[in-house]
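A.B. asks: Each chain, written out:
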Amino acid sequence: MKLIIVFSVPLCLCGSILAGDPVRITTDQSFKQHLQWSPDGKRLLMTRIHQGKMALWTMNADGSDLKRLLPGHDQPHFDGHWSPDGSRVVYVHDKFEGTDGKLSIRTCAADGSDEKVLVPHKAFEESPRWSPDGKLVLWVSTRDGNPELYTVTADGKDLKRLTTEVAADLHPAWSPDGRKIAFSSGRTGRQKIFVMTADGTGAKKLTDGEYLDSWPAWSPDGKRIAFVSNRSGNYDVWLVNADGSGLVNLTDHPAQDTAPAWSPDGKKLAFVSTRDGGSDVYVLDVK
Amino acid sequence: MLLVGRQTQRTCQTLSRRSFLQVGASSVLGLSLADLLRAGQPSGRNPGSAKSVILLWLWGGPSQLDTFDPKPNAPLEYRGPFGTVPTRIPGVRFTELFPKLAGASDKLALIRTLVTPSNDHGIAGTVGLTGSPAGGTGLDGKPLPGAPRPATGAVVAKGLASGGVHPRRADHPDLPPFLVVGGKLHQGHKAIVGEGGGPLGAMYDPFRLEYDPVHGTKVPALQLPPELTPERLTDRQTLMHALARAEQRLADAQRANALDDYRARAFAMLTSPSAREMFDLSREPAKVTDEYGRTRFGQSCLLARRLVEAGVPYVQVNWSDHVEAEEDAGDGGWDHHYRNFQIMQDRHAPWLDQAMTALVTDLDRRGLLASTLVLAVGEFGREPKVNDKAGREHWPHCYCALLAGGGVKGGRVIGTSDARAAKPADTPLTPGDLCATVHHAVGLTSEHLTGMGLTPAGRVIEELF
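Line order of the protein sequences matches chains A and B. Here the first sequence stands for residues 642 to 928, numbered as in my numbering. Here the second sequence stands for residues 793 to 1257, numbered as in my numbering.
Worth flagging that the hints you see were computed from the coordinates, not collected in a lab. There may be inaccurate statements among the hints.
[Said to hold, decoys possible] DSS-like, lysine-lysine: derived pairs with alpha carbons at most 25 Å apart:
{"no.": "1", "chain 1": "A", "residue 1": "K743", "chain 2": "B", "residue 2": "K1177"}
{"no.": "2", "chain 1": "B", "residue 1": "K976", "chain 2": "A", "residue 2": "K694"}
{"no.": "3", "chain 1": "A", "residue 1": "K801", "chain 2": "A", "residue 2": "K757"}
{"no.": "4", "chain 1": "B", "residue 1": "K982", "chain 2": "A", "residue 2": "K743"}
[Unchecked claim] Non-contacting residues of chain A with respect to chain B, defined by C-beta distances greater than 12 Å in every case (computed):
{"no.": "5", "residue": "D774"}
{"no.": "6", "residue": "P861"}
{"no.": "7", "residue": "D862"}
{"no.": "8", "residue": "K909"}
Using N, Cα and C, we set each Cβ at its ideal position, and we do this for glycine too.
For reference, chain A alone in the conformation it holds in the complex:
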């Protein structure tokens, strides 16, 4: 009887959140990650590895019109993020030098024009995220030795370090009101989801357990956080309330489900899954 209760709770929660099966919107099977919905909800931005190139691609929200954002680039570039007004994209640029690479944070217009270096290469520079008011860019850098979170203004000035941990702090995501930041960190031993105020103070662990939790994505209403975890034995997209309660496995599939991205209206969640063999984008209705 006790076992029935334990297992029935998450199943019930999941059933109340999902509305229907995920809809597959790409079929090309090439590796994808770093999904993000455009602010108007019409397009998706992603990292895609295709024909030997890791690059930013965009497509309509139904999977049509898949195309390179920066078709002229032959160096790897990835992990893009749309500005709140949808006019620009911030991303990571990787310049190969021998067997090494030089990462920098760059921006471009939403049509791929007007490229600018926002944060020149100094170390490992990754996961840039525009603040909801468009004034700051949050990203991960190892410029002080290990991965920490930093911000600069949208014109590349006033660099601030937000975290000072020996452990790696990764995968930052602004709350919709810009007051908080969710991120993953190994500061308590295992990589978990944390939430802190936007100035870097008051970090609190949101998830527990002996698992790898990463890539948090805040729902547009700020009430829930989707993230990737291997707590089911493989990567699934999980959902937790912003206070840490209500943990539920949203995708619950033996394939690898990663890269959760909320639609601007919060009614859909896109993610990348290998459930049909390759790496493709799926969209799930979420209540």
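Got chain A sorted already, so can you dock chain B onto it with the hints?
C.D. replies: Chain B only, in chain A's frame:
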């Protein structure tokens, strides 16, 4: 789908097979078949349990700490961000990125104390593939003294071709005995020494297949004439001219290279319907295909299983052509000087975990694991201390190999590394020892090696059996 050269096999079915052969193919294509076809009676080799070997070559050098020798009690700047999971081996843990392999560890033997003499991909690659640095060429472009030894696969190919301890299976008796699934290994733009037959001769160079998720299996040695595009195949006159030229090239090649009937039969076999079926992964049930993962490496492992199932003695699956992580359609090598942890978490670890687990499980399910040695290893490990780019540098002083099947007893660990996986605390072993162990597993003795003009590259790791 099967791709022969750059064109799909479906497009080519009405064409003469011989017409598709290019001159360049003749130097690599199944020449050891000649020996196989000439093979006499059993010569009294000591039988090993393994009739086939699958080498999963993890090019670039995976981190020992982030895979199979985690050090959860080391300082954070050494142990990295990943936790650990228990395995089926008491007291042994893998990083949490490998839950499937941890679950299959009762079938695996793990070596944690490999040491190699160079931290240069070029030289360490040669050592890893041949057991010796001789002839290896590093970044400075200067070959090390000595003639390169043959690849382990070439030795196994010649050894099995010369004796009858493991008679070739009857269903595909003419298959080349040494196949590489994947492109040529490179450091930068320079090909690595040691993938071929070396002193055994070009006839023991591997026959190469490639798999990519878009086109399926490719047979790069069987290139169509470049002008023969699918569109032009409908142009009969163009087609006939192209075929005539190809026929002439083949005739020239036969004269120039003294190709004999055996080799011609090898050509014929490799373009035969039965071989095409074997290379065609779409014939696998979708469930099995998915188990391996529809990544290039996953499907290459599946192809390796099909080849072994058909009786191929040695299959080498190259994880990538290049060491760099972003090369080769993004599923490049394990040389993670930067972004190590992100790449491990997002791509390399799940792909290896899925594919190798599926391979071992699938072989076991089909009753082939006992006779197939699976070995997964790179050319070196990675520096225990995490660098300032969230990566790890080269580290030749301590790294891991995973083995399964072929007489190797599962559920055991050979060697213990020190507290930071920086050096062996006991039982230091070398790539030469691994080569000698592979030879031993298939029943080759030092006597057989002497007969090939070779000396053992190291000691047999008896603890594995």
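A.B. asks: If a hint holds in the structure, say so; if it doesn't, say that too.
C.D. replies: Going down the list of hints, with the structure as the test:
1. K743(A) to K1177(B): holds, 20 Å
2. K976(B) to K694(A): holds, 19 Å
3. K801(A) to K757(A): holds, 20 Å
4. K982(B) to K743(A): Cα-Cα ~22 Å, so holds.
5. D774: holds, 28 Å
6. P861: Since the minimum Cβ distance to chain B is about 25 Å, P861(A) lies beyond 12 Å and the statement holds.
7. D862: holds, 28 Å
8. K909: holds, 23 Å
Checked against the numbered hints given earlier, this structure breaks none of them.
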